[in-house]
Amino acid sequence: MCPKGMNTMSGVRSPTTMIVSVVFLWAVCWVSTSSCSGELGSDVVKTVGELQFQDDGISTFSSSAAPAPKSSGDTISLANGDFELTNITAMTTTLADSTSTSIPNWIAGGAGVQILVNTNYSMAKGTPSVYCIHLNNPDAIINGTQGTISTTLAANAETGKTYTVHYDVARMPDAPMNLWPALKVSNIQGGTVREYAIKQPVYNMTDSRSQITWTKQSFVYTGTGVSTVIKFESMSEKYGPMIDNVETLSGKHELAAAPPSKISGLSQKLVPLFTLVALAMSHCSPAFSTTIAT
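The opening residue of the sequence shown carries number -11 in my numbering; numbering runs sequentially from there.
It is worth saying that the hints were derived from the structure and are not from the lab. Possibly wrong hints are sitting among the right ones.
What the hints assert, rightly or not - Below, in silico cross-link-like pairs of lysine-lysine (BS3-like), each with a Cα-Cα straight-line distance of 30 Å or less:
| no. | residue 1 | residue 2 |
| --- | --- | --- |
| 1 | Lys219 | Lys187 |
| 2 | Lys226 | Lys149 |
| 3 | Lys240 | Lys172 |
| 4 | Lys219 | Lys113 |
| 5 | Lys149 | Lys172 |
| 6 | Lys219 | Lys149 |
| 7 | Lys113 | Lys187 |
| 8 | Lys240 | Lys113 |
| 9 | Lys172 | Lys187 |
Use the sequences and the hints to build the structure in full.
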């Protein structure tokens, strides 16, 4: 029956129109989900127990959160990309800010970052990592809690040449479940931000300090022949992304996209609702504009 207070002038929608409407709504959601899922394997080929780049430009690696691929002559020197060199002695969470020298070859900024240890947080699987970086300072009380960490590459990026940054990323498990952190990755050449990207880590509702979902992401940029700084920045309050195992490579070695976004997942959940609405409206006027108040 139509909503109270509404009456139809043209009667009941025909069965054919109703079926077409329902099929159309299902088709829209299916195409949306399929196109997103299709992007997942566009850059890598899955083999037994490992992932391999289609262009074979760099070595294979086991699991999606393994260490960055071994050098094949295409890597660019980046000291302490795995953050295993630290100047801390206590095996506990330690704050590093702009005045700190706790992370050799890296400069912390913003509200500061936390150095996390594997005695308290699980690191990326397949790695010997003891330390990783949380890009927030939850205890900061002035000017926000977002932190940054950056490093200057040893060699200048060649003009017009493409480069790729690989890194492991995860969501800080201490965060409330409704917080989906964002990460900004940028390259700064000659003091100017040339390219940047906003990324979000994938996580599971069951994640905890002892079970963290780590994934590997990539960031591609083009050289301009001057000194290059790679910078990671939290875009979230209090709790943000965690990063580890940063490596730079010559050439374009983009990784596959993350799993379907929450929006795509939501569209799947809304399909039954769309169907219900279509069925309900099949008993009303085909055009809402033809309804009149009783």
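Structure-based check of each hint:
1. Lys219 <-> Lys187: Satisfied, since the Cα-Cα distance of roughly 13 Å is no more than 30 Å.
2. Lys226 <-> Lys149: 37 Å, violated
3. Lys240 <-> Lys172: With a Cα-Cα distance of about 19 Å, the restraint between Lys240 and Lys172 holds, given a limit of 30 Å.
4. Lys219 <-> Lys113: Between Lys219 and Lys113 the Cα gap is close to 24 Å, so the pair holds against 30 Å.
5. Lys149 <-> Lys172: Since the Cα atoms of Lys149 and Lys172 sit roughly 22 Å apart, the hinted pair holds (cutoff 30 Å).
6. Lys219 <-> Lys149: 19 Å, holds
7. Lys113 <-> Lys187: Between Lys113 and Lys187 the Cα gap is close to 21 Å, so the pair holds against 30 Å.
8. Lys240 <-> Lys113: 25 Å, holds
9. Lys172 <-> Lys187: 6 Å, holds
Violated hint: 2 only; the structure is consistent with all others.
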